[in-house]
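Chains as they are written, first to last, in the working numbering: chain A, 1 to 257; chain B, 258 to 514; chain C, 515 to 771.
Certain hints may be false.
To be verified - Computed list of lysine-lysine pairs in BS3-like fashion (alpha-carbon distance at most 30 Å, straight line):
#	chain 1	residue 1	chain 2	residue 2
1	A	K102	A	K150
2	C	K648	C	K742
3	A	K228	C	K742
4	B	K359	B	K391
5	B	K391	B	K485
6	B	K485	A	K228
7	A	K134	A	K102
8	B	K485	C	K742
9	C	K648	C	K616
These are computed hints drawn from the structure, not numbers from a lab.
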Amino acid sequence: MAPHDLLTALRDQNPLVHCITNYVAMNVAANVVLAAGASPAMVHAPEEIAEFTPVCGALTINIGTLSAPWQASMVAAATAANAQNIPWVLDPVAHFISDYRKRAAQLLLAQRPTILRGNASEILALAGEAGAGKGADSGDSVEAAQGAAKSLATQFGSVVAITGPVDYLTDGTREAQVSGGSPLMPQITALGCSQTALMGAYAATGPAFDAALAALAHFKVAGSAAAKRAEGPGSFQVHFLDALANTQPADLAQVIG
Amino acid sequence: MAPHDLLTALRDQNPLVHCITNYVAMNVAANVVLAAGASPAMVHAPEEIAEFTPVCGALTINIGTLSAPWQASMVAAATAANAQNIPWVLDPVAHFISDYRKRAAQLLLAQRPTILRGNASEILALAGEAGAGKGADSGDSVEAAQGAAKSLATQFGSVVAITGPVDYLTDGTREAQVSGGSPLMPQITALGCSQTALMGAYAATGPAFDAALAALAHFKVAGSAAAKRAEGPGSFQVHFLDALANTQPADLAQVIG
Amino acid sequence: MAPHDLLTALRDQNPLVHCITNYVAMNVAANVVLAAGASPAMVHAPEEIAEFTPVCGALTINIGTLSAPWQASMVAAATAANAQNIPWVLDPVAHFISDYRKRAAQLLLAQRPTILRGNASEILALAGEAGAGKGADSGDSVEAAQGAAKSLATQFGSVVAITGPVDYLTDGTREAQVSGGSPLMPQITALGCSQTALMGAYAATGPAFDAALAALAHFKVAGSAAAKRAEGPGSFQVHFLDALANTQPADLAQVIG
Chain A
1 MAPHDLLTAL RDQNPLVHCI TNYVAMNVAA NVVLAAGASP AMVHAPEEIA
51 EFTPVCGALT INIGTLSAPW QASMVAAATA ANAQNIPWVL DPVAHFISDY
101 RKRAAQLLLA QRPTILRGNA SEILALAGEA GAGKGADSGD SVEAAQGAAK
151 SLATQFGSVV AITGPVDYLT DGTREAQVSG GSPLMPQITA LGCSQTALMG
201 AYAATGPAFD AALAALAHFK VAGSAAAKRA EGPGSFQVHF LDALANTQPA
251 DLAQVIG
Chain B
258 MAPHDLLTAL RDQNPLVHCI TNYVAMNVAA NVVLAAGASP AMVHAPEEIA
308 EFTPVCGALT INIGTLSAPW QASMVAAATA ANAQNIPWVL DPVAHFISDY
358 RKRAAQLLLA QRPTILRGNA SEILALAGEA GAGKGADSGD SVEAAQGAAK
408 SLATQFGSVV AITGPVDYLT DGTREAQVSG GSPLMPQITA LGCSQTALMG
458 AYAATGPAFD AALAALAHFK VAGSAAAKRA EGPGSFQVHF LDALANTQPA
508 DLAQVIG
Chain C
515 MAPHDLLTAL RDQNPLVHCI TNYVAMNVAA NVVLAAGASP AMVHAPEEIA
565 EFTPVCGALT INIGTLSAPW QASMVAAATA ANAQNIPWVL DPVAHFISDY
615 RKRAAQLLLA QRPTILRGNA SEILALAGEA GAGKGADSGD SVEAAQGAAK
665 SLATQFGSVV AITGPVDYLT DGTREAQVSG GSPLMPQITA LGCSQTALMG
715 AYAATGPAFD AALAALAHFK VAGSAAAKRA EGPGSFQVHF LDALANTQPA
765 DLAQVIG
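Can you build the whole structure from these sequences, using the hints too?
Right, here's the structure in full:
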């Protein structure tokens, strides 16, 4: 499906997206999903995962402020999604900063996410390669992680997205790049996490590769529009949410290379 | 008390409002309460509830990102509020999505909240009627839930508010409606949760029915003002907080029907 | 080091700051640290503290939405920071509201934070003096708490900052004051918590007293700039983040008295 058809469908269908994400990102991610046209639900209690995940159009899992109880819910939700063929997206935030987090990321990756999204350092580290990441920030170029992305895509049957100045997307065979956005984007917390949530919304609407591509394009288009009016990271955020809502389906194709 | 007297009193008294709310809403709800003129306190540790709730002007409980430890704190806080005749507000967010959440909502409702606020689907489901809610969103009209609201008000001795395009308020006998606001409001996460927190601030200031009515009116007035300047959901949020702070007491009567 | 040299160094070095803060403040504090030019990391799992804190430039601990599991992580992180001579900042939010919270604040204070930041009521109460604080708000003047600040600084070997209309800073011997900012600042939640996180970023860059002074000055400069354009607390937040990013090193000296 073409990106413009996917955005049209997303707004028509208003899919319910189950998001298990970190405390920093929850509000922003929910607003991003709403602005795009879908319906986010932040739910993490183990008592309700098995009942809730199966009624959603997609699931997204982000390990940003990970702790043991949340990890258990993430695994349960991924299992529930897989059992019902519900697409799900994994965001292995800063997993290279500790053994604890690395194990959690590998445990979730072994569940074979439909889509895996990370920055270059996260993708390199998931594939066992050394990188230069620092905390939540990437220290590596997107280009340097493309081989790791292809390898992960093949090994886990996932569509893999590396976000950065120019995004890279692969399913191990096909490849795409998305340009645009703004250098202000990494200066705002939780935008990458919100990109993951938006990928969930698109994945509820169409095939995984196409969905990830449309979500990347939607972010870049909105980021470019916001950058034209922003005077700093505070006003960028405001214009970015407005731009996500105001993006027209026909705009998406322009940023895909 | 008339809405304009309540807003004047709220700003004079700056009441302390104990909020137990969800991770998505915490920041927004605190800013809404501050912008209106009261003092929010987000506290949930079971070790301090019994000491803290009784010194507050009101308590608000929102089950948005519910988990077992938080549920225990919610029950303890409602018990402490009832023991001291401190008004409290219940927001049964999306309780219809799982048995776990339904039980939590019924457990809290059985504690007889001073005010109960929900969307139409939440109010219908609390009264045992089938609805069309999806996640945190209502799928039912406010009109369809008015009977359920009256029934709940009578059964639990609560003032019941249904928020939507036109809000409905009842204590089982009296009724009121509040119009205004903006279609952008449901596109922004946690505004309903923040309305609940604001009801707590007003409930610390005057009688429950009047307080709920003033809080509904304050939101609608600020929503209408923000909509005039917003270019999307991002700028709406900014203008909405400004408008909450800039709302004059005399403005509130205009939206009450 | 002079404030302007510290801000230049902060932007050059982009230090990694480990923040254990409350749910209300997490997003805002991360954005404040990013806007200033450093890299925040919100990490609290006990499984990764011992591995992560030592690789950071500084640690900040804020007890805003305290609970027992988080307290254990805070103590572990302070211990790890002390073991490696990593500077850390303590923010004893509203510790006077319950015995539970008082004990937590005293436990952390006994670990001898590099910098202690609070409002006047918090600093008075830490020193065992009665104050008029209410929830997260100060009810006392900065002047009234200066003696308590000096006493705490001497007893615990900490630099102590009292924030308010005019900030006060002391290490028990030296003193400084910082003016500017805006009366809107206390009307926005989590700005004090974010000031604490920013002090961590500066403390990663230079000596504690100088770092705390530069962080106070950066906030006041940005607050004054934002106040010129704000129409209420919503737009203030937006302009404040923009102003933090746009503050020039030479601006900082102007607000220090």
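How the hints compare with the structure:
1. K102/A <-> K150/A: Roughly 20 Å between the alpha carbons, so the hint for K102/A and K150/A holds.
2. K648/C <-> K742/C: Distance of about 29 Å is within 30 Å: holds.
3. K228/A <-> K742/C: holds, 22 Å
4. K359/B <-> K391/B: holds, 14 Å
5. K391/B <-> K485/B: holds, 29 Å
6. K485/B <-> K228/A: holds, 22 Å
7. K134/A <-> K102/A: holds, 14 Å
8. K485/B <-> K742/C: holds, 22 Å
9. K648/C <-> K616/C: This hinted pair holds, its Cα atoms lying about 14 Å apart.
Of the numbered hints given earlier, the model fails none.
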